[in-house]
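> Make the full structure from the sequences, and use the hints.
Protein chains in written order, with the numbering used here: chain A, 1 to 74; chain B, 1 to 252.
These are computed hints drawn from the structure, not numbers from a lab. Careful: at least some of the hints might be erroneous.
Unchecked claim - On the chain B side, residues computed to face chain A include the following (Cβ under 8 Å):
1. GLN82
2. PHE134
3. THR200
4. VAL219
5. LEU223
6. ALA226
7. MET230
Stated by the list, open to error - Pairs of lysine to aspartate or glutamate residues, derived as DMTMM-like cross-links and limited to a Cα-Cα distance of at most 25 Å, are as follows:
8. B:LYS188 x B:GLU102
9. B:LYS188 x A:ASP18
10. B:LYS245 x A:ASP73
11. B:LYS240 x A:ASP13
12. A:LYS71 x A:ASP13
13. B:LYS240 x B:GLU205
14. B:LYS95 x A:ASP13
15. A:LYS2 x A:GLU21
16. A:LYS9 x B:GLU139
17. B:LYS188 x A:ASP13
Stated by the list, open to error - Covered stretches of chain A (chain B as the covering partner; in silico rule of three or more C-beta atoms under 8 Å from a C-beta of chain B):
18. 1-8
19. 28-36
20. 42-48
21. 57-70
Note that the Cβ used here is the ideal one computed from N, Cα and C, for glycine as well.
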Amino acid sequence: MKYVVGFFKFWYDFLIGDTPEITAAIVVILGVVYFIGKGNRYQAPILVIGVIATFTMAFFVEVIKKARKAKADK
Amino acid sequence: MSTTVLIIAVFLASAVEMVEALTIVLAAGSSRSWRSAFEGTAVAVLALAALILGIGPSLVKYVPISSLRFIIGALLLIFGLQWLRKAMLRFAGLKALHNEDEIFDKEVARLKAIPTVSDSRDSTAFVVAFKGVFLEGLEVVIVVLTLGLSAHKLLIASVSALAAVVIVGIIGAIVAKQLSKVPENLMKTTVGIMLISFGTFWAGEGLGIKWPGSDGAIVFLILVYAMFMMLIVKAFTSVKTNYAKSHRGAIG
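Structural data, given as C-alpha cells:
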C-alpha cells in the first residue's frame with residue numbers, strides 16, 4: 001500500500017505539484033487542438049500561442065502571489 | 001538537425017540534475033565515507049539504467065507511436081513549463097538562485113551530526129548518495145525516455161545522458177566545492193525551452209499536425225519560445241525597476 005501511495009504521489013508531484021494551472025492549461029489547449037480537427041490550419045498556431053500564453057500566465061500567477069504576500073507582510 | 005537538438009537537450013538536462021546529485025554525493029563522501037558514497041551512487045546509476053532498459057523497449061513495442069508521441073508531448077510540455085517557470089522567476093529576481101555550495105555546507109553539517117557506527121561501511125553515506133542520485137536521476141530517466149522514444153533515438157539519448165553524467169562527475173571531482181560556479185539557471189532555461197519545443201512538436205504530431213519544415217520546426221519553436229520568454233522577463237524586470245524607483249519598495 002505504501003508503494004502504491006508513493007507511486008501516485010510521485011506522479012501527482014511530477015505532473016501537478018504546486019503548479020496545477022500549468023497542467024490545466026495544457027489539458028485545455030491540447031483538447032481544443034484535438035477538437036478543431038485533424039488537418040485544420042489553425043491547429044499549429046493555436047498550440048504554439050497556447051504554450052506561450054501558458055508560460056506567461058504561470059509566471060504572472062507567481063508574481064501576483066508574491067505581490068499579495070509582500071502586501072500582507074507589510 | 002533534430003538529433004543534434006535532442007542530444008543537447010538530454011545532455012543539458014542530465015548535466016543540471018547531475019550537478020545537484022553530485023553536491024549530495026560529495027557531501028556524503030567528504031563528511032562520512034567515500035567508499036559508501038560511491039557504492040550508493042553506483043547502485044542508483046544501475047537502478048536508473050535498469051529503468052530505462054526495462055520501460056523503454058516495452059513502451060515502443062506495445063503502444064502505438066501516435067499515442068506515444070501525444071502522451072510524451074503532453075508530459076514534456078508540463079515538465080518543461082515547470083522548469084521554465086522557475087527559471088523565469090530566477091531571472092526576474094523573484095526566486096533565489098540555486099546555490100550548490102550552500103546546499104553542500106548544509107548537507108555536510110547535517111551528516112556530521114549523525115553518529116558514526118564503527119563498521120567498514122557507512123550506511124548513512126550509502127543511503128544519502130543513493131537517494132540523491134536516484135531521485136535527481138529519475139528526472140533524467142523521464143527526459144531520456146520521453147525524448148528518446150518519441151524520436152526513436154533511445155540509444156542516442158541514453159548515451160548523451162551517460163556522457164553528461166561522466167563529464168559532470170569528472171569535472172565535479174576536479175573542482176569539488178565550486179559547483180556554485182555552474183550556470184545552472186541558464187542551463188535550466190535552455191532545457192526548459194527545449195523540452196517545451198519537443199513537447200509542442202510531438203504532441204502536435206500526435207494530434208495530426210503536419211509541421212512546416214518537418215523536424216526543422218523544432219528549431220523554429222525553440223527560437224520563438226526563447227524570444228517570448230526573454231521579452232516577458234525583460235518587460236517585467238523593467239516595470240519592476242521603475243515601480244521600485246517610484247514607490248520605494250519592489251515586489252518580492
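> Now tell me, hint by hint, if it's right for this structure.
Verification of the hints:
1. Given hint, GLN82 of chain B at the interface with chain A, holds; its Cβ is 6 Å from that chain's nearest Cβ, closer than 8 Å.
2. Checking PHE134 of chain B against chain A: minimum C-beta separation of about 12 Å lies over 8 Å; hint violated.
3. Contact between THR200 of chain B and chain A, as hinted, is supported at the beta carbon level, the nearest pair being about 6 Å apart and thus within 8 Å.
4. With a least beta-carbon distance of about 14 Å to chain A, the hint placing VAL219 of chain B at the interface is violated under the 8 Å criterion.
5. At a threshold of 8 Å, the smallest CB-CB gap from LEU223 of chain B to chain A is about 12 Å, leaving the interface hint violated.
6. Taking 8 Å as the C-beta contact cut-off toward chain A, the hint placing ALA226 of chain B at the interface is violated, the least distance being around 11 Å.
7. At a threshold of 8 Å, the smallest CB-CB gap from MET230 of chain B to chain A is about 12 Å, leaving the interface hint violated.
8. Between LYS188 of chain B and GLU102 of chain B, the direct Cα distance comes to roughly 19 Å. Compliance with the 25 Å bound is thereby established for this hinted pair.
9. Between LYS188 of chain B and ASP18 of chain A, the direct Cα distance comes to roughly 18 Å. Compliance with the 25 Å bound is thereby established for this hinted pair.
10. Distance check on the hinted pair: LYS245 of chain B and ASP73 of chain A sit about 20 Å apart at the alpha-carbon level, within 25 Å; holds.
11. Note on LYS240 of chain B and ASP13 of chain A: the hinted pairing is violated, with a Cα-Cα distance of about 31 Å set against a maximum of 25 Å.
12. A C-alpha spacing of about 29 Å is found between LYS71 of chain A and ASP13 of chain A, which places the hinted pair above 25 Å, so the restraint is violated.
13. Under the criterion of a C-alpha separation no larger than 25 Å, the hint pairing LYS240 of chain B with GLU205 of chain B is inconsistent with the structure, at around 39 Å.
14. For the given pair, LYS95 of chain B sits about 20 Å from ASP13 of chain A by alpha-carbon distance, which is consistent with the 25 Å threshold.
15. At roughly 28 Å between alpha-carbon atoms, LYS2 of chain A and GLU21 of chain A are farther apart than 25 Å, so this suggested pair is violated.
16. This hinted pair checks out: LYS9 of chain A and GLU139 of chain B have alpha carbons roughly 15 Å apart, not beyond 25 Å.
17. In summary, the hint linking LYS188 of chain B to ASP13 of chain A is supported, as the alpha carbons are separated by about 19 Å, within the 25 Å threshold.
18. With a threshold of 8 Å between beta carbons, the proposed coverage of the segment 1-8 of chain A by chain B is violated, since 0 of its residues qualify and at least three are required.
19. Restraint check on the segment 28-36 of chain A versus chain B: 3 residues with Cβ-Cβ distances below 8 Å, three needed, restraint holds.
20. Counting residues of the segment 42-48 of chain A whose CB falls under 8 Å from any CB of chain B gives 4; the rule of at least 3 is met.
21. Residues of the segment 57-70 of chain A lying with their CB closer than 8 Å to a CB of chain B number 7, which satisfies the three-residue condition for coverage.
Violated hints, in rising order: 2, 4, 5, 6, 7, 11, 12, 13, 15 and 18; the structure is consistent with all others.
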